[in-house]
Amino acid sequence: MYPDEFDYYRAESVDDALDLLDEHSGAGTTELLAGGHSLLPAMKTGLSSPDVLIDISGVEEMQGISVDGDTLSIGAMTRYSDLLGSDAVAEHAPALAAAVEQVGDVQVRNRGTIGGNLAHADPAADLPGAALASDATLVTHGPDGEREIPADDFFFGMYTTDVGPDELLTRIEIPSADGALGAYAKKPSPSSGYAMVGVAALLEIDGDGVTSARVGANGVMDHGVRLSPVEDALADGALDDETMASAANHAGDDLDVDMMMSDLQASNEFRAQLLEVYTERALTAAIESGSSSAAAD
Amino acid sequence: MAIFLVVWRQYRVGVSYSHRRHSHMEFSGTFELEDATTEEVWLALSDPVMIEHALPGCEFLVVVEDTDPDFDALREEHADRDVEPTSDPEVIAERAFEEGNHYAAIIGISIGPVNPTFETVVTIDERDQPYMEASGEGSAGDSSFEMSSWMDLDGADDGVEVEWATEADVFGRIAQMGQRVINPAANQVVKRFFSSVQDEIREREIAEGSTVEQAQSDEDDRGIVDRILGRSDGSKQ
Amino acid sequence: MTEHDIELSVNGTTHELTVESRTLLVHALRDELGYTGTNVGCESSTCGACTVHLDGDAVKSCTLLAVQADGAEIGTVEGLAEDGTYAPIQEGFQKEHGLQCGYCTPGMMLAADDLLERNPDPDEGEIREAIEGNLCRCTGYQNIVNAVEFAADEMGEASSPEMTAADGGGDD
Amino acid sequence: MGIETIEADELDVESVLGSAVERREDPSLITGEAEYTDDIQRPNMAHMSVLRSQYGHATINGVDTSDAEAMDGVIGVYTADDLDVPGEIPVGWLLDSLETPVHPLLAGETARYQGDGIAVVVAEERYIASDAVDAIDVDYDRRDAVIDPKEAVEDDAPVVHDDLDDNTAFDWEIGDADETDAAFDEAAHTAEVDLTNQRLIPNAMEPRATVAEYKPGTEELEVHMTSQNPHLHRQLMSGVLDVPEHKLHIVAPDVGGGFGSKIHHYPDEALACWCAMETGRPVKWTATRTETYLTDAHGRDHESHAELAMDEEGIITGMRVKTYAGMGAYLSTFAPAVPTYLYGTLLSGQYDIPAIHCNVVGAFTNGAPVDAYRGAGRPEALYLVERIITLGAREMGMDPAEFRRQNFVPSDDFPHQTPVAVEYDSGDYEPALDKALEAVGYDDLRERQEELREEGRYLGIGLSSYIEACGLAPSELAGQLGAQAGLWESGLVRVHPTGKVTAFCGTSGHGQGHETTYAQIVSDELGIPYDDIEIVEGDTDEIPQGMGTYGSRSAAVGGSALATSSQKVVEKAKKIAAHQLEASEEDVEFENGDFSVAGAPERSMHIQDVAAQSYLAHDMPDGIEPGLEETSFYDPDNFVFPFGTHIAVVEVDPETGEIEFENYVAVDDVGPQINPKIVEGQVHGGVAQGIGQALYEGAEYDDNAQLVTGSMQDYTVPKAEHIPTMETDSTVTPSPHNPLGVKGVGEAGTIAAPQAVVNAVTDALQPFGVDHIDMPLTGEAVWRAVNDAPDAGAEGGDEAIADGSGGKDGGEN
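Protein chains in written order, with this note's numbering: chain Z, 1 to 297; chain D, 298 to 534; chain R, 535 to 706; chain L, 707 to 1519.
Just chain Z, with the same shape it has in the complex (with noise of 0.2 Å):
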């Protein structure tokens, strides 16, 4: 199929897609085009219709990796193939660095970007989990200039979270998890390639111990979420697989399994059980690349 007519046009600058965004908040439905993989196959099939395309996805300054102090900070607009070659990213976002590695294919990866990801909120994508693992502060641009929002408060449900219609979602920081251990482990379904479920894991370790935990999963409710009882019963415990898997077991103990996503690929319960798995495996994989990584040294 094709796409319907519509408007395109490139945006050059933060305050370039404001104003488009501004120009065409009237009639019509305007859309920002990042790395396009979740809009464009959207409009071929016909189900998006916009009238007008902001392009953003060549705007400078929403683009880098850097680190400045104790803060990674990625431009919304850095596409996967770039954070995945990135030296930066694996040491200061282990668990966001895992969780890219396994964004859909190769060609995917080389157009998509961590932003388009984000502010799309699809709740199978592979990276609000990591987002949340990661303590990840979204910033976004709009009219009134800049906001940060902690992912914790990003995501709302299916495709929506706090970015206004006014709003560009411009950069991500991430505090840094240097010595942190961070891993992402995935089911992926396997005709679309997203997550069934994705559990993205960051522990902070002191010795043979887990001084704290982060855990976020997605592909499991409609919007990524936080396993807050598995990052409680990790805190302070021992980095071996027994306390992995016993933490494991809390997956689900926040989560209503009568709510939790349900289709072609999986029902709603069998994400419960896969769930609970998969956080096992993101843990005991973290737990290995600390192993791994100390080899490497």
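I should point out that these hints are in silico values taken from the structure, not numbers from a laboratory.
These numbers were taken from a predicted model, which means no experiment stands behind them.
Chain L is nowhere near these chain R residues, computed Cβ spacing over 12 Å in every case: (1) T536; (2) G590; (3) N653.
Covered by chain R, per the in silico footprint, the following chain Z stretches (three or more residues, Cβ under 8 Å): (4) 52-58; (5) 97-111.
We treat Cβ as the ideally placed atom computed from N, Cα and C, and that holds for glycine.
Once you have looked at the hints, place chains D, R and L on chain Z.
Only chains D, R and L this time, still in chain Z's reference frame:
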């Protein structure tokens, strides 16, 4: 003004495992409104304007002659519609849902980049306090849905329990291409609708019981409240 | 509806053309410019038959507006062979019977080339992972994996004088 | 690994047959030079798009095309009322009890499935055609729909065709019911299973497409289309459009896979032709993948109950099968043959079964028509046979390999007459089984399986000893069974004056490598170098007649036609050579292209020189015409019956239902192999499709007959990571009745693989008491089967499984 405490006691979506369920959805739930009577809640739920306000993305909801209205004309007529929900029984009486009536609505659903606008017609199939049943269908381009719902009020000790259920089937492009989003999207619409219904009811002052009673008057021999409440000949007190 | 004048460099040849906003890159390549070696197999960005190189990276040309590619260097299957000599990946597909109906093959080769660019010596798992965005219904993938391994070996041999020199000082 | 290919210049005529020569098809395919239908451009070409039904079943009250017609760039919008041709899609195979409701080009009053076309648009560009389709307004009354074949024939089911009493398309049986019942009455042991063979969507990577061009001057209609059988399409389309056959020129250019889906005659290709005639413009139609999902004939869709009767020793004494087969909304071209003669006749498998009875009820439903999809009937049969055989072994407490062995048709019993009509040509089943068992290290595996169960790990070994009937042919037999066409094949071998050869065959390859293998056959027969031989297929103006490529028939029937024509060429050439060598024909010997006089090898003449002489015609024997070309219409005596054993070895995680392949071994006997590399490739691809069916694929409709797996995002076409590395091997048992002895390999993998995988998974889960899981074995299906299994509790049950300790005691069962 009474304060309604809303308790989400139960909310279920169509999750029973069956491999052919996928564009057929069943939702049901129960919520409680404290410090309210069945009459008060029924009255609120009788107001199409209240429903219009509660339905996410609803441009208008108006009574129409038949199940095949001219939506273009309706759009024009109601383009700048600005009708507020009310707690005034007189006003509600004028426009209250009636069994056998048809209502037309334009409902824009927004699921991320997917924004179908449904031309919808709903028929009140049964309306007899405290029970109401409605069915309808909507279409947006080459997608459409059919739904049927019922709602039952049950007076509890110090409040009202509202039990409801909706079944919906989706057809066409959205059913085919939007598999991954239909269930959660519909879920979101239903969830938002009922939470808005509760907000709307909560914001009313109709719970000042006197308002309702005062309205007892004239014209129709059933009395205005009976009419609003959809009671036939006051047999169901 | 807006139209846009764009410039695409395809396999080193520059083309100027006017496209609608909605024209997909794959249709600009096929219908406007005649590069029909790039195929369309689906509309859900799943099958990868339309894979081309955009500034050196494998992308799905059905999931990219032509206007987005304005000014870019596009590589298609037609540009793989140089002066009538097959690229190693083409040779691999021929030698290892890596294709049957051939419809997925151009996209498959371009995805594989992207992999070999990043990872000159991939193992089987890495190859299978690298082509997860490319569907083949004929081969069962096994001979495609062999074809990519063949190309990797071929390219490794081609650059082996350097490799040997570099490795010479290693701790072998 | 695998078989090493050789380059064409390494070939010599002595060893050309059986050589793994590189494919000559590849150069154009790997350079982008190939021309698929959608690549074709014509001056002034317009584009067609089809509006399809929003509902699975609906009455159409009216179609408003005015908005679409008013759009810029729209040339015409047409509905059923506008069509002025017979327009009825024919059924190519009839059965005694068959109902054949009308299948129109466009739905008029009733849409019976979502793929039903309601209107077509012809526009200047494909995007505009698509826009215009969206602008058509249809007034529907939705009707209740039915999709399940078994429910469809129940009394209260919505009826798909108003002019029929119910949805029964046919009620067919084969075998002896009384004898079979008697076998069950006397059985010491029985096994039974209810199983579904799910609906599949073929998913050739190239969507169907057509470019139609009408030339009013000559009244000729030239059609380039994605076809597996252009001659058959010519014959059928001629009736549908009322265009005489000799004015229809059909070409199958490069075709991107078919798997059955490009055999059938669909409305869309004929509509594109009609639009070309109506508008006077060349018209292109290319299906979107969504349309492919909605309209390409689907495969399988069976619901069956199978029973096996055995004596005290586990010798099989009878088999009883009841099957409900979904036909979809209309009967597609060969649809009635698939669940009957291509299914019931294979139910004896590799086994010596004295009594079999099978009853198949074909049902109309509101799904896409079901027709031949790679294997067509035979995968359904062998899946059922190999599941019930596995359960029979389980019932007997016997090793599944030994149970199979003791029931095989003995090697000295060929040709073997089965109780389900067919006679197996040749076979020797144990060597293939033994090779496969050896390749997986069967005995060690069984030991390891026990050990792993002790650790709570579940290894499973699944056997599939399959047989297939292919080389779709003998015309007389096919005619008796209901075919409305002959199933011979034509081959024309033309030796040019220069000694080069063009050989024409009525088959039509689309990925199988016919240009390579046929050239190998002709080279071998004529003794003319491989590189001097060109193969032509897929063009009705070039090739006199043909039946096409499907049912693994090309090598056995098409290849045999070319071999026969080549032999005729040699025969004629021999007469000419004898004349010119001044010897008697009886004294002339032919070897590797040389005619020589017996006992005087220096008096010889190469066939290519004979060709030159035959065209010079200065010195020909009496009664021999000039020229050197021969045609044959090869019509074999019987089907061919390839066979083999595949074994899948998997490990199953009961917590997640995840299945990992440890090994997959395929030992196939397809007779002598013309090109082993191509054979290997066919096995790989077939097995991948079989694994796809076993683990991933399934077309799902909801209760309203809406296809909910309508895109590649929802219907899993297996990816590289889903398919294991396979080990292939073979035995060689030639067919006694064709000149090459070949059998056919195109469908072997698809027929063999599903049950190998399902048998492996259920073998792994035996400790839980899981006897059967319906395909596809998704993670959820397996997880549920484990949790719902009778012994789930005994083996640890839900909780134990959830915490990973499930079934630790499994090995003790």
